[in-house]
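From just these sequences and the hints, can you work out the full model?
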Amino acid sequence: MSQQFALTVTCPSTRGIVAAITTYLAENGCNITDSSQFDDSQSGNFFMRISFRSETGADLPGLRAGFAGTAKPFGMTYAFHDETERMKVVIMVSRFGHCLNDLLYRWRIGALPIDIVAVISNHMDYQKVVVNHDIPFHCIKVTKANKAEAETMQMRIVEEAGAELIVLARYMQVLSDEMCRKMSGRIINIHHSFLPSFKGANPYKQAYDRGVKLIGATSHYVTADLDEGPIIDQDTVRVTHAQSPNDYVSLGRDVESQVLARAIHAHIHRRVFLNGDRTVVFPASPGSYASERMG
Numbered sequence: 018m019s020q021q022f023a024l025t026v027t028c029p030s031t032r033g034i035v036a037a038i039t040t041y042l043a044e045n046g047c048n049i050t051d052s053s054q055f056d057d058s059q060s061g062n063f064f065m066r067i068s069f070r071s072e073t074g075a076d077l078p079g080l081r082a083g084f085a086g087t088a089k090p091f092g093m094t095y096a097f098h099d100e101t102e103r104m105k106v107v108i109m110v111s112r113f114g115h116c117l118n119d120l121l122y123r124w125r126i127g128a129l130p131i132d133i134v135a136v137i138s139n140h141m142d143y144q145k146v147v148v149n150h151d152i153p154f155h156c157i158k159v160t161k162a163n164k165a166e167a168e169t170m171q172m173r174i175v176e177e178a179g180a181e182l183i184v185l186a187r188y189m190q191v192l193s194d195e196m197c198r199k200m201s202g203r204i205i206n207i208h209h210s211f212l213p214s215f216k217g218a219n220p221y222k223q224a225y226d227r228g229v230k231l232i233g234a235t236s237h238y239v240t241a242d243l244d245e246g247p248i249i250d251q252d253t254v255r256v257t258h259a260q261s262p263n264d265y266v267s268l269g270r271d272v273e274s275q276v277l278a279r280a281i282h283a284h285i286h287r288r289v290f291l292n293g294d295r296t297v298v299f300p301a302s303p304g305s306y307a308s309e310r311m312g
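Position in the sequence shown (first residue = 1) + 17 = the working numbering.
I should point out that these hints are in silico values taken from the structure, not numbers from a laboratory. This structure is a prediction, so every number in the text was calculated from the model and none was measured. Every residue, glycine too, gets a C-beta built ideally from N, C-alpha and C. There may be inaccurate statements among the hints.
Keeping only pairs whose Cα atoms sit at most 16 Å apart, straight-line, the calculated EDC-like set for lysine to aspartate or glutamate is [as the list claims (entries may be wrong)]:
| # | residue 1 | residue 2 |
| --- | --- | --- |
| 1 | LYS199 | GLU168 |
| 2 | LYS199 | GLU176 |
| 3 | LYS105 | GLU177 |
| 4 | LYS105 | ASP132 |
| 5 | LYS105 | ASP151 |
| 6 | LYS199 | GLU181 |
| 7 | LYS105 | GLU176 |
| 8 | LYS161 | ASP194 |
| 9 | LYS230 | ASP252 |
| 10 | LYS164 | GLU195 |
| 11 | LYS216 | ASP226 |
| 12 | LYS199 | ASP242 |
| 13 | LYS105 | GLU181 |
| 14 | LYS164 | ASP194 |
| 15 | LYS222 | ASP264 |
| 16 | LYS230 | ASP264 |
| 17 | LYS216 | GLU245 |
| 18 | LYS158 | ASP142 |
| 19 | LYS158 | GLU168 |
Pairwise CB distance ranges (calculated) [what the hints assert, rightly or not]:
| # | residue 1 | residue 2 | range |
| --- | --- | --- | --- |
| 20 | VAL191 | THR73 | 48 to 58 Å |
| 21 | VAL146 | ASP56 | 42 to 52 Å |
| 22 | THR73 | GLU176 | 31 to 41 Å |
| 23 | ARG103 | SER53 | 20 to 30 Å |
| 24 | VAL146 | SER267 | 11 to 21 Å |
Here it is as structure tokens:
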């Protein structure tokens with residue numbers, strides 16, 4: 018039976034990269050099923066993601082070891098991945114539950130092939146819904162006085178669970194610089210797209226008062242610069258003068274949930290590459306959005 022793998026590559030741009038990679042895979046009995054690449058003329062970097070099947074029994078350890086000779090002349094940073102393995106994820110949430118509930122549903126039907134190993138909150142609001150999904154729930158209160166201790170407890174949960182990704186599903190606490198650095202490229206956040214234009218506790222009311230015609234959401238990697246991290250996904254929804262501030266909030270909830278789910282989907286399928294302060298996000302492979310069941 019063939020096995021489905023993925024290869025991600027970043028290196029300085031030059032001639033012959035694609036030929037070297039595809040030749041190596043073909044010589045090792047691998048059949049490419051999907052491929053995306055991008056040559057960034059501004060940064061001088063080359064990015065590539067390939068999905069492939071091993072049709073003659075080649076395994077990941079062997080492919081990794083053998084690829085070193087191909088990678089070295091090009092200065093490649095590369096990784097081989099088993100596409101059947103689910104990434105372990107910790108979700109953090111406060112009192113807005115729309116993103117959490119959306120992620121739980123997508124996880125339950127297989128639309129997001131991840132293992133949710135824990136949910137951490139600074140409130141008890143969603144304990145029951147999380148526990149009912151047989152997922153460990155941890156309530157860790159956060160105050161100015163105990164912030165460092167609380168983050169130590171959070172990181173202990175992440176590390177003991179072997180989590181590779183933290184998702185801030187409307188977690189309304191600012192993470193420390195230390196935590197952001199430790200989990201660099203492995204924390205995804207969601208927020209309304211009004212930042213920095215409309216800051217504060219009620220951005221949708223501010224947007225309504227200004228008569229905006231588009232509201233939206235942005236999902237990005239978390240850095241020490243708060244909401245300035247590299248953007249993974251964004252979307253908008255059009256509004257009119259007829260909508261109320263509460264309409265803005267409801268529409269905003271929907272677009273936030275969709276954008277966060279798409280960003281997670283891209284990350285777990287290794288489609289996102291950091292490119293300085295920006296990202297390269299390749300299209301989804303055929304079949305990667307398919308659900309195991311409908312409900």
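Hints versus structure:
A distance of roughly 12 Å separates the Cα atoms of LYS199 and GLU168; the hinted pair therefore holds under the 16 Å criterion. The straight-line distance between the Cα atoms of LYS199 and GLU176 is roughly 11 Å, inside the 16 Å bound, and the hint therefore holds. Taking the CA atoms of LYS105 and GLU177, the gap is near 11 Å; set against the 16 Å cutoff, the hint holds. Between the alpha carbons of LYS105 and ASP132 the distance comes to roughly 5 Å, so the proposed pair stays at or under 16 Å and holds.
With a CA separation close to 15 Å, the supplied pair LYS105 and ASP151 stays within the 16 Å bound. Distance check on the hinted pair: LYS199 and GLU181 sit about 12 Å apart at the alpha-carbon level, within 16 Å; holds. For the hint linking LYS105 to GLU176, the alpha-carbon distance of about 11 Å falls within 16 Å, and the restraint holds. For the hint pairing LYS161 with ASP194, the CA-to-CA distance comes to about 15 Å; that is within 16 Å, so the pair holds.
For the proposed pair LYS230 and ASP252, the alpha carbon gap of about 14 Å is at most 16 Å, so the pair holds. For the given pair, LYS164 sits about 12 Å from GLU195 by alpha-carbon distance, which is consistent with the 16 Å threshold. In summary, the hint linking LYS216 to ASP226 is supported, as the alpha carbons are separated by about 13 Å, within the 16 Å threshold. For the hint linking LYS199 to ASP242, the alpha-carbon distance of about 14 Å falls within 16 Å, and the restraint holds.
Between LYS105 and GLU181 the alpha-carbon distance is near 6 Å, which keeps this suggested pair within the 16 Å criterion. For the hint linking LYS164 to ASP194, the alpha-carbon distance of about 12 Å falls within 16 Å, and the restraint holds. A hinted pair counts as satisfied when its Cα atoms are at most 16 Å apart, and LYS222 with ASP264 qualifies at roughly 10 Å. Of the supplied pair hints, the one linking LYS230 and ASP264 holds, its CA atoms being roughly 13 Å apart against a limit of 16 Å.
A distance of roughly 13 Å separates the Cα atoms of LYS216 and GLU245; the hinted pair therefore holds under the 16 Å criterion. The suggested pairing of LYS158 with ASP142 holds, with an alpha-carbon distance near 12 Å, which does not exceed 16 Å. With a C-alpha separation of about 10 Å, the suggested pairing of LYS158 with GLU168 holds against the 16 Å cut-off. For the pair VAL191 and THR73, the supplied restraint of 48 to 58 Å holds, since their beta-carbon distance comes to about 51 Å.
Our hint of 42 to 52 Å for VAL146 and ASP56 holds, since their Cβ atoms are close to 46 Å apart. Checked against the hint of 31 to 41 Å, the C-beta distance between THR73 and GLU176 comes to roughly 38 Å, which is consistent with it. Restraint check, ARG103 to SER53: a C-beta distance of roughly 22 Å satisfies the suggested window 20 to 30 Å. Evaluation of the 11 to 21 Å hint for VAL146 and SER267 yields a pass: the beta carbon distance comes to about 20 Å.
Violation of the numbered hints given earlier is absent; every hint is satisfied by the structure.
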